[in-house]
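Novice: Listed below are the residues making up each chain.
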Amino acid sequence: MNSTYVIHALFASFSLLGVWLLLYVLFKDYRLDSLRQRLFNLRGDLFDYAASDAISFNHPAYGMLRTRINRLIRFAHRFTSTQLLLVVTLHAPVDDDPLHEWKKAVETVESAEVRERLRAFNNQMFAILVWHMVTGSVILMASLALFGVCWAIKQLIDRTAVAFGKAITELMEDLFNSYVHRFPVEQLEVQALEAGDDAELAAA
Amino acid sequence: MAKKSKQQLDYELRARLIDRSAAVIETGLKYGALVVIFFFGYASIKSLAGQSTFADIGLRVIGDVRISETIAWLFGAGGVGYGLRQRKLRRDTIERLAPRVRQYEERLDPQRSSTGLPSRGTTRPEDHRR
Chain A
1 MNSTYVIHAL FASFSLLGVW LLLYVLFKDY RLDSLRQRLF NLRGDLFDYA
51 ASDAISFNHP AYGMLRTRIN RLIRFAHRFT STQLLLVVTL HAPVDDDPLH
101 EWKKAVETVE SAEVRERLRA FNNQMFAILV WHMVTGSVIL MASLALFGVC
151 WAIKQLIDRT AVAFGKAITE LMEDLFNSYV HRFPVEQLEV QALEAGDDAE
201 LAAA
Chain B
1 MAKKSKQQLD YELRARLIDR SAAVIETGLK YGALVVIFFF GYASIKSLAG
51 QSTFADIGLR VIGDVRISET IAWLFGAGGV GYGLRQRKLR RDTIERLAPR
101 VRQYEERLDP QRSSTGLPSR GTTRPEDHRR
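These protein sequence lines map, in sequence, to chains A and B. The first sequence: position 170 = 170 (our numbering), numbered continuously. The second sequence: position 40 = 40 (our numbering), numbered continuously.
It should be emphasised that the hints constitute simulated quantities derived from the structure, not laboratory data. Hints are supplied without guarantee of correctness; some may be wrong.
Unchecked claim - Label-pair distances were calculated between CB atoms; the ranges are:
#, chain 1, residue 1, chain 2, residue 2, range
1, A, Thr135, B, Lys3, 37 to 45 Å
2, A, Ala161, B, Arg87, 43 to 51 Å
3, A, Ala51, B, Arg14, 37 to 45 Å
4, B, Asp109, A, Val149, 54 to 62 Å
5, A, Gly148, B, Ile67, 26 to 34 Å
6, B, Ile25, A, Thr135, 13 to 21 Å
7, A, Glu101, B, Leu9, 15 to 23 Å
We treat Cβ as the ideally placed atom computed from N, Cα and C, and that holds for glycine.
The task is simple: from the sequences and hints, build the whole structure.
Specialist: Here it is in structure tokens:
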């Protein structure tokens, strides 16, 4: 084989080793740190929200949510795209007791605004996790892109269908109105009323 | 300790299985890729020594100038990207933690002096050399 090819192949092998190091060691750690940072930020925002007297630090809805965020921060290294793919493909049953208990605790909060805010914190937590797992896999990124394109097409079709339906309805209304107005409806109405009056008079 | 129900034990078993399977797959992919890379390096050296191997086909692919240059660019750009993202993460952490440190220190020393740096710990725009 041509020695230039071989030297390039050797050079490419070193570069591949570097890419491997970047992907599997450096970026992997960075992504984990970044996930924890975002969860810490969320926990900080939740703390600030409770500190603003919106909800007591002793309320179970606050305490359970904070505990769940703490667990996610601690076990963040276990949230990988492979794990997500396995859970999705194997349809693994999920023990939803902690979430169910938290939802029940939220229902005991008096203010509807606070309840909504706590649910928003919970949704944000899920969004952070899902984004982390999806961006960690080429397959999931491709599926997200495909989902995005399909969703956009569906929205476009729905909106076009709605707009088209609206235009057709307006057209039919105009057509019907112009058709109806070709008939002497008012004269017929007047005649009917007059005939009615005459009949009443005759009866009297 | 309260006795766990059968359903709970089932959940735990499935969760453990998935966790272990994910770990096996991830480790396989990680070290599998490393083995392939070392194999290419080894085959290249062997080829330079004049011995042809069945890996020559693979070497022809990664030995293509455009492909080897693309991989090199990927490595370089990835390194720069990694550095930039690490810097952002460090500054995000400063922005998150610094206000709390200031808050606690000001409780003990209300006259506490400050560097006057922005919240992310960067140089103030007006302090840059003209």
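Novice: Are the hints correct? Go through all of them and say.
Specialist: Hint check results:
1. Thr135/A with Lys3/B: 37 to 45 Å: Cβ of Thr135/A to Cβ of Lys3/B: about 41 Å, so the range 37 to 45 Å holds.
2. Ala161/A with Arg87/B: 43 to 51 Å: holds (48 Å)
3. Ala51/A with Arg14/B: 37 to 45 Å: At roughly 39 Å between Cβ atoms, Arg14/B and Ala51/A fall inside 37 to 45 Å, so the hint holds.
4. Asp109/B with Val149/A: 54 to 62 Å: holds (57 Å)
5. Gly148/A with Ile67/B: 26 to 34 Å: holds (30 Å)
6. Ile25/B with Thr135/A: 13 to 21 Å: Since Ile25/B and Thr135/A have Cβ atoms about 18 Å apart, the given range 13 to 21 Å holds.
7. Glu101/A with Leu9/B: 15 to 23 Å: Hint holds: Cβ distance 19 Å, inside 15 to 23 Å.
Hint compliance for this structure: every hint is met.
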